[in-house]
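Sequences listed follow chains A and G, in order. According to this note's numbering, the first sequence is numbered sequentially starting from 1. According to this note's numbering, the second sequence is numbered sequentially starting from 1.
These aren't lab readings, by the way, just hints derived from the structure by calculation. For glycine and all other residues, C-beta sits at the position ideal for the given N, C-alpha and C. Check before you lean on any hint, since a few could be wrong.
[As the list claims (entries may be wrong)] The following label-pair restraints were derived from C-beta to C-beta distances:
hint : chain 1 : residue 1 : chain 2 : residue 2 : range
1    : G       : 278       : A       : 227       : 37 to 47 Å
2    : A       : 164       : G       : 81        : 47 to 57 Å
3    : A       : 212       : G       : 184       : 46 to 56 Å
4    : A       : 59        : G       : 161       : 25 to 35 Å
5    : G       : 161       : A       : 131       : 58 to 68 Å
In case you want the letters, here they are:
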Amino acid sequence: MLEVTGFSAGYQGNDVVHDVAFHVDPGEAVMIIGSNGAGKTTLFRAMCGLLSSSSGRILFEGDDITGLPAERIARLGMRFVSAERHLFPRMTVQENLLLGAYPRRPDPETMSIVLNLFPRLAERRRQHARTMSGGEQQMLAVGRALMSKPRLLVLDEPSTGLAPLLAKAAYEALGVLRERGLTVLVAEQQVPLAMAFSDRGYVLENGFIRLQGTTEELAANPGIRSAYLGVT
Amino acid sequence: MTANILDGIVLGLQFGLLAAGLTLVYGLGGVLNLAYGQMAVISAIIVALAMDAGVPTWPAIGLGLLAGGLLGLILDLTILRPVYRLRGEARVLLSLLLTLGVSFIVDGFLIWRYPLKALTLRVGVGAVEILGVPMRWGSLVASAITLVTFAGLFIFFQRTSLGRAVRSVIEDEEGARLIGIDPNRMLRLILVLSGVLAALVAVTRAMVTPVDVQSGLFITVFALIVTVVGGLGSVAGALLAGIIMGIVNVVAADLIGSYISLIILLGAAAVTILIRPAGLLGVKE
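In isolation and in its complexed conformation, chain A is listed as follows (with noise of 0.2 Å):
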């Protein structure tokens, strides 16, 4: 599904993200988890076509998506759901979710099966996006990038903003699109949360990727317990 080899970005010739290499088959979850500062946000925003990269490739489905603008690859089924959201403020829940779909027609059986995974969504359908609570922002970003029906959804920090209770709900929403067959890639430093989630995981630490494996494995690194899971 997505593949991603010796990748490297930053700002303005800085590299942030070094030689990073992972990859996504169909139907997984997968996490890439690493504390405030380790690159996941820049390794994102630079592989969905919203920072050029320095190095590397990245494939997705097959195809050569590397350096493409994010538009472009947006419409090519790879979904981003940024950490600061990006909703449009001033336009309805309504309006917001059916954008999501374009320039396709909205179809109504998916508007139905994301306003039955987020019934706040529908309590506030005609409300503006802007006066919703964080929580329920969250839920609207991610149900107006599922309005098109994605292939593969990649996620930056879905937890940020949330008390630890919505932040659970929101990965329970999650757990609910993934059992459908949803393919999704997130990036996490409530290292909890997405282990409770994920098939696989990446860690990346000052850029660099050092570790990976099955979740099992990684909750059973002796490193991993003691740096994001609190366990000493």
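Use these hints to put chain G onto chain A, whose structure you have.
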């Protein structure tokens, strides 16, 4: 007073239409088009030349609108190319400088080539009474066209998916890109639309008062004032601010004198900006 208010609304609708084309381009692409008035004037001259050549009025107006749209497209494909490579303030400044240059060249050419050309459109004869006030047919037809245009714009932006896509870029450009919308294509579309709106400004204005080759600067300046008061990127703001400023202008001209009405208009604009920096219905904070 009723007469003043009706005249003010007629003028205000014109102001609103003036601002709509400018505010959309600025709100969407951070491009300030100071050749906007010249786009209107070129369209007016094309309508006038076509009518001189024997083309009937309405087809000639159609030609003018087509020319306006084409001018928008040409701007997008030529001098705005380098502007698109910049971001933020640099982008605004370069667009301002380049389009100001275009406006000088257009003005110079038109004054040299067609010094006495002006567009006057006569629609209907005499006047009709509205609320006891006699109104000229030209004013009424111009206002009706403007209202229909605004209705069309609102339907486009609220009800069509393409219109929503354009709004999404004004709201959050990165968000728009992440859902597959190419901001540059939306901007090209809006530049064409703004060219057509500029031509409509010229045509409706010519129904009320002659549009000569030197009207460009006036149109741009008023469009700018109304845009700033209405809020950048807001069509509804342009309409609201246009009507308010039209009424202010006419009432001030009547009560104090037309020599001072422009100063009062600018004063009203300044006060609005002090109270609401984003304009009446501004999108950008």
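Enumerated hints in conflict with the structure, sorted upward
Violated: hints 3, 5.
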